[in-house]
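Undergrad: All chains should be modelled from the sequences, with the hints used to inform the complete structure.
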Amino acid sequence: MSVVEKTSEVAAANAAGAAVVVRFAGDSGDGMQLTGSNFTEATALHGNDLATFPDFPAEIRAPAGATFGVSAFQIYFGSDEVTTAGDDLDVLVVMNPAALITNLKDLLPGGLIIADSDAFTDKNLARAGYKSNPLEDGSLDGYRVIVIEITKRVIASVEPFGLSHKFAVRCKNMWTLGLVMWLFDRDRSITVGNLEKKFANKPDIAQANIAALNSGHSYAETAELPSGVEVYQIPRAEVKPGLYRNATGSDALAYGLIAGGRLADIPITFASYPITPASSLLHTLAQHKEFDVVTFQAEDEIAAVCAAIGASFGGTLGVTSSSGPGISLKGEAISLASATELPLVIVNTQRGGPSTGLPTKTEQSDLNQALFGRHADTILPVIASSTPSDCFDVAIEAVRLATQFSTPVLLLSDGYLANASEPWLVPDLTQFEAFPVQFETNPEGFSPANRNPETLSRVWAKPGTPGLEHRIGGIEKDYDTGDISYDADNHQRMTDVRKAKIDGIAKFIPAQTVSQGPSAGHLAIVGWGSTYGPIHQAVKRLRAVGVDVSHIHIRYLMPFPENLGELLRGYEQILVPEMNTGQLVEVLRSKFLIDAKRLNKVSGQPFKIREIVDAIESLLGESA
Amino acid sequence: MNAPVKLTLKDFSTDQEVRWCPGCGDYAILKTIQKLMPELDTPKENTVFVSGIGCSSRFPYYMETYGFHTIHGRAPAIATGVKLSNPELDVWVVTGDGDGLSIGGNHMLHVLRRNVDLQILLFNNEIYGLTKGQYSPTSQVGTRSPSTPDGSVDLPLRPCTFALGAGARFVARTIDTEAKHMTPVLKRAHAHKGASFVEIYQNCPVYNDGIFDYIKDKKSAADSRLVLAHGEPMLFGVDNQKGLRLNTATLQLEVVTLGEADVTVDDIMVHDETNLVLAQMLAALSTPDFPEAVGVLYCKQEVSYESSVYEQIKTVRAKKGVVDFNEVLRRGHTWTVS
Chain A
1 MSVVEKTSEV AAANAAGAAV VVRFAGDSGD GMQLTGSNFT EATALHGNDL ATFPDFPAEI
61 RAPAGATFGV SAFQIYFGSD EVTTAGDDLD VLVVMNPAAL ITNLKDLLPG GLIIADSDAF
121 TDKNLARAGY KSNPLEDGSL DGYRVIVIEI TKRVIASVEP FGLSHKFAVR CKNMWTLGLV
181 MWLFDRDRSI TVGNLEKKFA NKPDIAQANI AALNSGHSYA ETAELPSGVE VYQIPRAEVK
241 PGLYRNATGS DALAYGLIAG GRLADIPITF ASYPITPASS LLHTLAQHKE FDVVTFQAED
301 EIAAVCAAIG ASFGGTLGVT SSSGPGISLK GEAISLASAT ELPLVIVNTQ RGGPSTGLPT
361 KTEQSDLNQA LFGRHADTIL PVIASSTPSD CFDVAIEAVR LATQFSTPVL LLSDGYLANA
421 SEPWLVPDLT QFEAFPVQFE TNPEGFSPAN RNPETLSRVW AKPGTPGLEH RIGGIEKDYD
481 TGDISYDADN HQRMTDVRKA KIDGIAKFIP AQTVSQGPSA GHLAIVGWGS TYGPIHQAVK
541 RLRAVGVDVS HIHIRYLMPF PENLGELLRG YEQILVPEMN TGQLVEVLRS KFLIDAKRLN
601 KVSGQPFKIR EIVDAIESLL GESA
Chain B
1001 MNAPVKLTLK DFSTDQEVRW CPGCGDYAIL KTIQKLMPEL DTPKENTVFV SGIGCSSRFP
1061 YYMETYGFHT IHGRAPAIAT GVKLSNPELD VWVVTGDGDG LSIGGNHMLH VLRRNVDLQI
1121 LLFNNEIYGL TKGQYSPTSQ VGTRSPSTPD GSVDLPLRPC TFALGAGARF VARTIDTEAK
1181 HMTPVLKRAH AHKGASFVEI YQNCPVYNDG IFDYIKDKKS AADSRLVLAH GEPMLFGVDN
1241 QKGLRLNTAT LQLEVVTLGE ADVTVDDIMV HDETNLVLAQ MLAALSTPDF PEAVGVLYCK
1301 QEVSYESSVY EQIKTVRAKK GVVDFNEVLR RGHTWTVS
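These protein sequences, in sequence, are chains A and B. Heads up: the first sequence begins at 1 in our numbering, then just goes up one per residue. Heads up: the second sequence begins at 1001 in our numbering, then just goes up one per residue.
Keep in mind that a hint or two might mislead.
[As the list claims (entries may be wrong)] Pairs of lysine-lysine, PhoX-like flavour, derived with a Cα cap of 20 Å:
{"hint": "1", "chain 1": "B", "residue 1": "Lys1006", "chain 2": "A", "residue 2": "Lys289"}
{"hint": "2", "chain 1": "B", "residue 1": "Lys1180", "chain 2": "B", "residue 2": "Lys1219"}
{"hint": "3", "chain 1": "B", "residue 1": "Lys1187", "chain 2": "B", "residue 2": "Lys1006"}
{"hint": "4", "chain 1": "A", "residue 1": "Lys507", "chain 2": "A", "residue 2": "Lys591"}
{"hint": "5", "chain 1": "A", "residue 1": "Lys152", "chain 2": "A", "residue 2": "Lys123"}
{"hint": "6", "chain 1": "A", "residue 1": "Lys198", "chain 2": "A", "residue 2": "Lys240"}
{"hint": "7", "chain 1": "A", "residue 1": "Lys289", "chain 2": "B", "residue 2": "Lys1320"}
{"hint": "8", "chain 1": "A", "residue 1": "Lys289", "chain 2": "B", "residue 2": "Lys1314"}
{"hint": "9", "chain 1": "B", "residue 1": "Lys1219", "chain 2": "B", "residue 2": "Lys1035"}
[To be verified] Listed next, with one range per pair, are the computed distances between beta-carbon atoms:
{"hint": "10", "chain 1": "B", "residue 1": "Ala1318", "chain 2": "A", "residue 2": "Glu566", "range": "55 to 63 Å"}
{"hint": "11", "chain 1": "A", "residue 1": "Ala511", "chain 2": "B", "residue 2": "Arg1331", "range": "35 to 43 Å"}
{"hint": "12", "chain 1": "B", "residue 1": "Arg1113", "chain 2": "A", "residue 2": "Asp122", "range": "49 to 57 Å"}
{"hint": "13", "chain 1": "A", "residue 1": "Glu444", "chain 2": "B", "residue 2": "Arg1144", "range": "50 to 58 Å"}
{"hint": "14", "chain 1": "B", "residue 1": "Arg1113", "chain 2": "A", "residue 2": "Phe167", "range": "33 to 41 Å"}
{"hint": "15", "chain 1": "A", "residue 1": "Ala156", "chain 2": "B", "residue 2": "Arg1331", "range": "51 to 59 Å"}
{"hint": "16", "chain 1": "A", "residue 1": "Thr481", "chain 2": "B", "residue 2": "Cys1021", "range": "18 to 26 Å"}
Read the hints as simulated data drawn from the structure, not as lab findings. Every residue gets a Cβ at the ideal spot worked out from N, C-alpha and C, and that includes glycine.
TA: Set out below in structure tokens:
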């Protein structure tokens, strides 16, 4: 029997420690993401801890009713700490048959379905692949189903505003949101405010949407809903005291880069090229011209990284961002930054691949690319963020490493982290240690090859400084003078020092900690990046029932923390869950000669807690 | 403050051994530019030379300024970053026909379109020198090279035509060994705020020797070059006996001779460097049917990219005022957990 059994009893939901997973699903034009984000805000204000998972198709507007055009937004919230967007669904809201057929498999037995029967037309049913109407043929008997003629009710509720049929129907997401808000006792006032702001120039549209929201809410309140459906009351979560806001990983990363620039006392030049799912970083930073950030949308990925490198040469910190395929294009230039030892931050918001792959889905399959994906012995630090709010700290760390060690730094995020949101304990920048950049200004004894003896960092002398005129470039340089050199021994020495500098960073980063469980024992689950949430929950559940298992999550992937090897050797078994075919596990095996086991998933979806629990149980079962 | 010391050519020469082949046109260009630098009144420390890859791209190593020898084709993008990071810098891009128009063609297109304030010097020798003589995107049809032993078959690109097509606001052409012509052209390019594109005909004595002799040799030069001067009639040839006239029936330039068929100097078209259509016609002229235009083909002052970017930033900052980072993080919907 599984250690963790989850049911969807309303009674269970009402018990202490309760959590609920709700998914809104509809056509990509149905406004599901907007519905989800409004529900998220209301839930955060209600005091629940939460995590979200927007899952949308690559097509901007797929044909109405098509299964490949289904857009979904999932939220997991509860009274306990929440670190994943949840496994199976308690509530599934579907706006059409395609949304039902593509999402039903994730609904728990006995879970609640809310469906718009007006959208279950013969045409839509056929398009989704249904031979008969599931709302009528008894195939949903294992679930609790609320069937409402949502479209008709919406049209009636917005009739006073005189909207065209097209605009009236578009209000149905707000009507549905009103109903779900009643179900979970959420406050509608923030959504009302959001709608007034969003449609400030179209007050009739704003008022129609608000009317739809209220109408859905009062429908739920007065309608005779099927038995067992009543207001879910999820107790407030016990979280660390302080001021919170919701943030996606992309938001937190953008703010982290700004913060890093302030701590380094240096302006940021952010050069990027649009690519899903990385573009939101460019959008956010472009909105913050009030800080020392200049954004540049380049003509291509190569130009973006090159402009960032030019900016670093010019005396600001160049930052570029992309997703896997774009990082491939940037490869040659990243090696130039490495050879010329200029600071540079490269953000990779990973997506499913190879090639165009699954642009809107998540994966962590660019670790090998980050570590090894360039010509020659180009070595550079690689760090990864593990949660949306962790993106803030990791971005600051990337800026610190780049500026203190005169090197390009690769920061790995992914599509899930970029789009997922969670309550974020708002940081106080005055509590962070500053690491101001020291530009060289003294011509006495100056050579562009001068190094800091401790960090091996190359001197940074920016154009505009009198007396420090110098040349750098991609050709190998003399160790002492920086002049071009084809000398055999010198190339060995330069290769060695570039490697020693990066390896030496291990002395300037925190030791690896164990996030849960003992620091030696039977089994350690070792992860990196966005698998943090499901691994954390799985380990927590198993530890609660007495299983000896620890969780180690690695932020510094190159170089590893100095104590990592010794720490890992303290466990009898190591299991490495990754959303790739096994990239970190190979590195750990080759680097530390340990028999680490793998757990891999590349479906474009994050791990479910259950999948990790099952893997741990099966591993422990085998060894028992 | 001390009175500025007058700098000379020597102040702009580095201690590095120049490694071009003997007789390379690059030597002459280097000397002309080193000599020009002291006349530009730009502090040496504010001058930056950025290059890509190729023979011409070794240039920054020989200039006692800030310099960055980068990767193949990307100098315009790197220079854009340099200029964005510090608009006070005086940034020069040195590139060649392969670097700037083949592997780096896209960056060249966009840097010109954006009008980033740079001087872009494209040394055109119609060949790949550093990789030992393959044909380039500007090689004439029929060029025999290691990669085209039976002659190249594809149409060459005309750099000035490309630049004008990309929206360049300053386009000029000059010749490697002619310092007297090059110096004023480069001064104009430097004075122009925005992307200044200068094609320099450059001889490669090893792989493509003599391809520009028709325009350089004293005997043929007069008939094969049209020295442009804004506001002056476009005359050329021995004793300026020939000129270019606009044929209003074909909308094309034609060569006419003064005194023949009642042609007078009044029939000759006057060069107007602000006329884009004329510039495009001039860029396309080629021997033997026409003289090739040297000098400033086109010049139109418009706001440069980086000035617009910083102007926007200034406007936003004036509107938002001094902003505290912590305060920005606390805007919008927040809640307190006690």
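Undergrad: Does each hint hold? Answer for all of them.
TA: Now the hints, each set against the structure:
1. Proximity of Lys1006 (chain B) to Lys289 (chain A) is assessed by CA-CA distance (about 40 Å); at most 20 Å being required, the pair is judged violated.
2. The suggested pairing of Lys1180 (chain B) with Lys1219 (chain B) holds, with an alpha-carbon distance near 19 Å, which does not exceed 20 Å.
3. This hinted pair checks out: Lys1187 (chain B) and Lys1006 (chain B) have alpha carbons roughly 18 Å apart, not beyond 20 Å.
4. Our distance criterion of 20 Å between C-alpha atoms is met by Lys507 (chain A) and Lys591 (chain A), whose separation comes to about 18 Å.
5. Between the alpha carbons of Lys152 (chain A) and Lys123 (chain A) the distance comes to roughly 18 Å, so the proposed pair stays at or under 20 Å and holds.
6. With a C-alpha separation of about 32 Å, the suggested pairing of Lys198 (chain A) with Lys240 (chain A) is violated against the 20 Å cut-off.
7. A threshold of 20 Å between alpha carbons decides the hint, and for Lys289 (chain A) with Lys1320 (chain B) the separation of about 9 Å falls inside it, so the pair holds.
8. Distance hint between Lys289 (chain A) and Lys1314 (chain B) is fulfilled; the C-alpha atoms sit about 9 Å from each other, no more than 20 Å.
9. Taken as a hint, the Lys1219 (chain B) and Lys1035 (chain B) pair is broken in the structure, with Cα atoms around 28 Å apart against an allowance of 20 Å.
10. Our hint of 55 to 63 Å for Ala1318 (chain B) and Glu566 (chain A) holds, since their Cβ atoms are close to 56 Å apart.
11. For the hinted restraint 35 to 43 Å between Ala511 (chain A) and Arg1331 (chain B), the CB-CB distance of approximately 36 Å keeps it satisfied.
12. For the pair Arg1113 (chain B) and Asp122 (chain A), the beta carbons lie near 52 Å from each other, so the given range of 49 to 57 Å is met.
13. Taking the beta carbon of each, Glu444 (chain A) and Arg1144 (chain B) are about 55 Å apart, inside 50 to 58 Å as hinted.
14. Between Arg1113 (chain B) and Phe167 (chain A) the beta carbon distance is about 39 Å. The supplied range of 33 to 41 Å therefore holds.
15. For Ala156 (chain A) and Arg1331 (chain B), the hinted distance range of 51 to 59 Å is not satisfied, since their beta carbons lie about 38 Å from each other.
16. Checked against the given bound of 18 to 26 Å, the beta carbons of Thr481 (chain A) and Cys1021 (chain B), roughly 25 Å apart, stay inside it.
The structure shown violates the earlier hints numbered 1, 6, 9, 15.
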